[in-house]
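Asker: In case you want the letters, here they are:
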Amino acid sequence: DAGITQSPRHKVTETGTPVTLRCHQTENHRYMYWYRQDPGHGLRLIHYSYGVKDTDKGEVSDGYSVSRSKTEDFLLTLESATSSQTSVYFCAISELLTLGTSGAYEQYFGPGTRLTVT
Amino acid sequence: AQSVTQLDSHVSVSEGTPVLLRCNYSSSYSPSLFWYVQHPNKGLQLLLKYTSAATLVKGINGFEAEFKKSETSFHLTKPSAHMSDAAEYFCAIPAVPGGFKTIFGAGTRLFVKA
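In order, the protein sequences belong to chains A and B. Using the numbering used here, you'd call the opening residue of the first sequence number 0 and step up by one each time. Using the numbering used here, you'd call the opening residue of the second sequence number 49 and step up by one each time.
No lab work stands behind these hints: they were computed from the structure. Worth double-checking, as some hints may not be accurate.
Derived list of chain B stretches under chain A, where covered just means 3 residues or more per stretch with a C-beta under 8 Å from a C-beta of chain A [as the list claims (entries may be wrong)]:
| id | segment |
| --- | --- |
| 1 | 91-103 |
| 2 | 145-156 |
Mimicking BS3-like on lysine-lysine, the simulated pairs with C-alpha atoms at most 27 Å apart in a straight line are [stated by the list, open to error]:
| id | chain 1 | residue 1 | chain 2 | residue 2 |
| --- | --- | --- | --- | --- |
| 3 | B | 90 | A | 10 |
| 4 | B | 149 | A | 52 |
| 5 | A | 69 | B | 90 |
| 6 | B | 117 | B | 90 |
Virtual Cβ for every residue (Gly too), placed ideally from N, Cα, C.
Please build the complete structure, drawing on both the sequences and the hints.
Answerer: Set out below in structure tokens:
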């Protein structure tokens, strides 16, 4: 258990409203990620962070922004929610396994937030 | 860039029979590879990982996977399926060697019949 919580766990909102999802971790991991999961699309990376105030876009970042003002919190904001953003959102952290001269990162996931935009 | 392809979107087995979930990878290097499992309404959980040590990797719940460079494969197996194994399974690879971003396969849903 990597100590990752997400809030809220479920949310229903209306089109056009802003929504913020929160990810909180307790173990000081540097790297944090937001994914969305949709049937037929698997997991898609929205944004990621490699440190406080250091964030970058993933493959499906349009309509989303993130912030990380503290190591433990990574916020995902839907600036103006649309029905296409109805999805399950997962936060993850990664931990480095160092083996020889190459590193590999394994990821640990939060429980997910189910967001419905009506 | 590196990638993985999961060859089956759905696999159905009977309880007590072997499980085989197939994953092929593409990489110019000898990659790290992972299998994750997702039970209904849960987040993904690491099942096992290959990091260039032993080619046969054992994971949790009796699963194992074998890295075969000649076949660019990392198939997940279990000798005897249990009802609790019903879940979705994802093969994964770093987006670039040694990188902190991960590319996930599309997933294979495993059904276990009584």
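Asker: Run every hint past the structure and note whether it holds.
Answerer: Hints, verified against the model:
For the segment 91-103 of chain B, the stated coverage by chain A holds: 8 residues have a C-beta nearer than 8 Å to a C-beta of that chain, and at least 3 were required. Three residues within the 8 Å Cβ limit are the bar, and the segment 145-156 of chain B against chain A gives 10, so the coverage statement holds. Restraint check: the Cα-Cα separation between residue 90 of chain B and residue 10 of chain A comes to about 16 Å, which is no more than 27 Å; the hinted pair holds. As the CA atoms of residue 149 of chain B and residue 52 of chain A are separated by approximately 18 Å, the hinted pair is consistent with the 27 Å bound.
Taking the CA atoms of residue 69 of chain A and residue 90 of chain B, the gap is near 26 Å; set against the 27 Å cutoff, the hint holds. Restraint check: the Cα-Cα separation between residue 117 of chain B and residue 90 of chain B comes to about 32 Å, which exceeds 27 Å; the hinted pair is violated.
Of the numbered hints given earlier, the model fails hint 6 alone.
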